[in-house]
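Colleague: Read off the chains here:
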Amino acid sequence: MQAAGIPLYDVPLVTVGGGLGSFTLVDVLRIQGVAAGAIRVLSSRDAPWQSWEYLTRVSQLPAGERIRSDAGARPDNIWGFPSYALHEAWQDKSVKLLWQVLTEPILTDFFSPRAATVFETVRREADRISYWQMLSKGQVRMVRRRAGGGYFTVLTPPPGVSATKRVVMRSQYVHLAVGYPGLKFLPDLQQFRETHNDYHRVVNAYEPHEHVYETLKSRPGVVVVRGAGIVASRVLQRLMDDRERFGLQTQIVHMFRTFVTGAHGQGMWMRRKGGDGWAYQAFTLPKSAFGGQLKAQFRRAGPERRAALSKAVGGTTTPRLRRWQEQMRRGRAGGWYHPFQAVVDRVEPTPDGRLVSLTRSDDGRLGRYTSDFIIDCTGLEADMPEHRVLADLLQYGGARRNGAGRLAVGEHFEVLGAESEGGVLYASGAAVAGNHFPAVDSFLGMQTAALDIAADLARRGFCSRLGPVRSTGQWIRWMRGRPL
Amino acid sequence: MIPTLAGRLQTRIFVLATVGALLTALIVPVLPGRPGSLGAAYRAAFLMLLAVIVVGLAWELLYHLLMQFRWDKDWPTLFGLVTIVPEGAVMWVLLNTGLVPGVGDHVSASMFLTMFVFVWLGQWLFVNGPMRVFFVQWRLRGGRLL
Chain A
1 MQAAGIPLYD
11 VPLVTVGGGL
21 GSFTLVDVLR
31 IQGVAAGAIR
41 VLSSRDAPWQ
51 SWEYLTRVSQ
61 LPAGERIRSD
71 AGARPDNIWG
81 FPSYALHEAW
91 QDKSVKLLWQ
101 VLTEPILTDF
111 FSPRAATVFE
121 TVRREADRIS
131 YWQMLSKGQV
141 RMVRRRAGGG
151 YFTVLTPPPG
161 VSATKRVVMR
171 SQYVHLAVGY
181 PGLKFLPDLQ
191 QFRETHNDYH
201 RVVNAYEPHE
211 HVYETLKSRP
221 GVVVVRGAGI
231 VASRVLQRLM
241 DDRERFGLQT
251 QIVHMFRTFV
261 TGAHGQGMWM
271 RRKGGDGWAY
281 QAFTLPKSAF
291 GGQLKAQFRR
301 AGPERRAALS
311 KAVGGTTTPR
321 LRRWQEQMRR
331 GRAGGWYHPF
341 QAVVDRVEPT
351 PDGRLVSLTR
361 SDDGRLGRYT
371 SDFIIDCTGL
381 EADMPEHRVL
391 ADLLQYGGAR
401 RNGAGRLAVG
411 EHFEVLGAES
421 EGGVLYASGA
431 AVAGNHFPAV
441 DSFLGMQTAA
451 LDIAADLARR
461 GFCSRLGPVR
471 STGQWIRWMR
481 GRPL
Chain B
485 MIPTLAGRLQ
495 TRIFVLATVG
505 ALLTALIVPV
515 LPGRPGSLGA
525 AYRAAFLMLL
535 AVIVVGLAWE
545 LLYHLLMQFR
555 WDKDWPTLFG
565 LVTIVPEGAV
575 MWVLLNTGLV
585 PGVGDHVSAS
595 MFLTMFVFVW
605 LGQWLFVNGP
615 MRVFFVQWRL
625 RGGRLL
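Sequence lines, in order, name chains A and B.
Note that the working numbering has the first sequence beginning at 1, numbered continuously upward.
Note that the working numbering has the second sequence beginning at 485, numbered continuously upward.
It should be emphasised that the hints constitute simulated quantities derived from the structure, not laboratory data.
Glycine included, C-beta positions come from ideal geometry on N, C-alpha and C.
Some hints could be false.
[Unchecked claim] Computed footprint of chain A on chain B, listed as stretches where at least three residues anywhere in the stretch have a Cβ under 8 angstroms from a Cβ of chain A: (1) 573-580; (2) 609-623.
[To be verified] Going by beta-carbon spacing under 8 angstroms, a handful of chain A positions derived as facing chain B: (3) 67; (4) 81; (5) 103; (6) 267; (7) 269; (8) 288; (9) 290; (10) 296; (11) 301; (12) 314; (13) 341; (14) 343; (15) 410; (16) 465; (17) 466.
[To be verified] Derived CB-CB ranges, DEER-like: (18) B:539 x A:410: 33 to 43 angstroms; (19) A:459 x B:613: 43 to 53 angstroms; (20) A:459 x B:602: 52 to 62 angstroms; (21) B:613 x A:417: 50 to 60 angstroms; (22) B:545 x A:8: 52 to 62 angstroms; (23) A:90 x B:569: 51 to 61 angstroms.
Just chain A, same shape as in the assembly (with noise of 0.2 angstroms):
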């Protein structure tokens, strides 16, 4: 590398990706007494929420509505107390809010925060943990064991920001959080867009499509919406608040692959609710998964238990809001909303520039529904090795994956057979589900996992313990902002 003049740092620990799961970490190990120098943050993103921020919005969750986590679960805040329910009702001076908080689920729906309080709350935690000072814009290009112990990160920063096109990290310990590598399309879809080049009419409902909603305000149209999920309701939500707001004729018609009717699962004590189609969940997964009794039975499980654990809890569900119930009940109604069970075998265009859906359904019957536009609110995954970093790390790092495809880790979220004499390689995020822990992907799980990762560390000596007493210490630091 020095022959090749690419310049070298220095830093105990790197973090790559700058999202969420990154910042979580940053904040746990800031708070246990690691300085601001011993951590860089590389990312190509501005701001540890700009990639979420993105997501929701375009996935029709503006700042203003509410997502889909626990008053507890903050990003900002590793305690979760005061809890979001606590800030919120404080600001809006809302005895509503408390009242919610105190009744959830039982008298109310759970309490959610705004998108918009997450990233204030998220804003005012990076200013005063310097998490600025200590990211490193630019892309990863890779990850490799050093001979020697630890790793080298080589990073492309941005043109002009540096002498050489790429520098060199060398450090003790990485993390890893870089999030999803991509979203996949639906099959008949994909095949729809690439065959007749059209990406306007058929959509995905986590890329940006206003223009659908746009066209629709000035001419009466069909939408397919495919999906069940917390998208397809929001997308299902925009739909409907729009033809209320603004008096339109819009049809939609809604395609669940696997049509849900009532309560379904094994036995009396997994029962799941559901109907009109919807598995019905407040969070991702079951509350327990987050920290109580399926996360110990996660624990405690080997794979194959594991596994039938995640097909028995896992699956698309949507939370059951009383607001959601009422439109669709009215959709229903007013005969506007058509919700059925039907699998898509292709999509073609019409001569009159429209769409049409040829469906098979599981009683054998056709379909042929046409429509002005396509929802795909499926939101799959891409498959993990399209993320460089990650395709890289299984070749050449000695990281192999689980029984669900992803990074296999152990307990502390290390990353197994990427160990580097002294030197440990982490992850967090949705590269690690199918592990020990299932609620990775959520404000609450990278939380567990930024606690667990500084608790190796903290026993390797690189920072220190969060005992009630330093724990403490910090959350009245943390209440009174004042900066680490």
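Given chain A, work out where chain B should sit, using these hints.
Modeller: Leaving out everything else, chain B in the frame of chain A:
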């Protein structure tokens, strides 16, 4: 809360033995219907607290069973508050039937009610907030401390 059985039992014992004991110590001097000397009142009050811990372990087993009918395997905040009614009623019956050893007939209804509600509310508020400040991992381990 999303407790495991071990977490429930540990939290019950720990919180009542610390926050519960502190609140009991504070409330006894001002309890209405207090019989005899302050010492006798303290003795009765702490024996009652001990009884709430011991009987509470059985309650936690029942709550754990009931929780299994919930898909989320969670225990809503409201449940932690309203269970004061059955627990208080059973404890009152146990006291009046002489099944709490050592307390005897020192406890009036007003004293029992005041102490029970005060300690209950205090521990409920504590587990729904400040507990997390002292033990960061507590809420992520189903309420386990060990």
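Colleague: Each of the hints needs a verdict: does it hold here or not?
Modeller: Hint check:
Residue count for the region 573-580 of chain B with a Cβ under 8 angstroms from a Cβ of chain A: 0. That is fewer than the three needed, and the coverage hint is violated. Requiring three or more residues with a Cβ within less than 8 angstroms of a Cβ of chain A, the coverage given for the region 609-623 of chain B holds, as 9 such residues are present. With a least beta-carbon distance of about 18 angstroms to chain B, the hint placing residue 67 of chain A at the interface is violated under the 8 angstroms criterion. The beta carbon of residue 81 of chain A comes within 5 angstroms of a beta carbon in chain B, closer than 8 angstroms, and the hint placing it at the interface holds.
Given hint, residue 103 of chain A at the interface with chain B, holds; its Cβ is 5 angstroms from that chain's nearest Cβ, closer than 8 angstroms. At its closest, the beta carbon of residue 267 of chain A sits 10 angstroms from a beta carbon of chain B; the interface hint therefore is violated under the 8 angstroms criterion. The interface hint given for residue 269 of chain A is met, as the beta carbon of that residue sits about 5 angstroms from the closest beta carbon of chain B, less than 8 angstroms. The interface hint given for residue 288 of chain A holds, since its Cβ lies 4 angstroms from the closest Cβ of chain B, which is under the 8 angstroms cut-off.
Checking residue 290 of chain A against chain B: minimum C-beta separation of about 7 angstroms stays under 8 angstroms; hint holds. With 8 angstroms as the threshold, the beta carbon of residue 296 of chain A comes within range of chain B, its nearest partner Cβ sitting at about 5 angstroms, so the hint holds. At a threshold of 8 angstroms, the smallest CB-CB gap from residue 301 of chain A to chain B is about 14 angstroms, leaving the interface hint violated. Checking residue 314 of chain A against chain B: minimum C-beta separation of about 13 angstroms lies over 8 angstroms; hint violated.
At a threshold of 8 angstroms, the smallest CB-CB gap from residue 341 of chain A to chain B is about 23 angstroms, leaving the interface hint violated. Taking 8 angstroms as the C-beta cut-off, the interface hint given for residue 343 of chain A is violated, the closest approach to chain B being about 27 angstroms. Interface hint status for residue 410 of chain A: violated, as the beta-carbon distance to the closest one in chain B is roughly 17 angstroms, over 8 angstroms. At a threshold of 8 angstroms, the smallest CB-CB gap from residue 465 of chain A to chain B is about 11 angstroms, leaving the interface hint violated.
With its C-beta approaching chain B no nearer than about 6 angstroms, residue 466 of chain A sits inside the 8 angstroms limit, and its interface hint holds. Checked against the hint of 33 to 43 angstroms, the C-beta distance between residue 539 of chain B and residue 410 of chain A comes to roughly 41 angstroms, which is consistent with it. For residue 459 of chain A and residue 613 of chain B, the Cβ-Cβ distance of about 29 angstroms falls outside the hinted range of 43 to 53 angstroms, so the restraint is violated. Taking the beta carbon of each, residue 459 of chain A and residue 602 of chain B are about 42 angstroms apart, not inside 52 to 62 angstroms as hinted.
At roughly 41 angstroms, the beta carbons of residue 613 of chain B and residue 417 of chain A sit outside the given window of 50 to 60 angstroms. The supplied range of 52 to 62 angstroms is met by residue 545 of chain B and residue 8 of chain A, whose beta-carbon atoms lie about 60 angstroms from each other. Remark: the range hint 51 to 61 angstroms for residue 90 of chain A to residue 569 of chain B is contradicted by a beta-carbon distance near 30 angstroms.
Checked against the numbered hints above, the structure breaks hints 1, 3, 6, 11, 12, 13, 14, 15, 16, 19, 20, 21, 23 and satisfies the rest.
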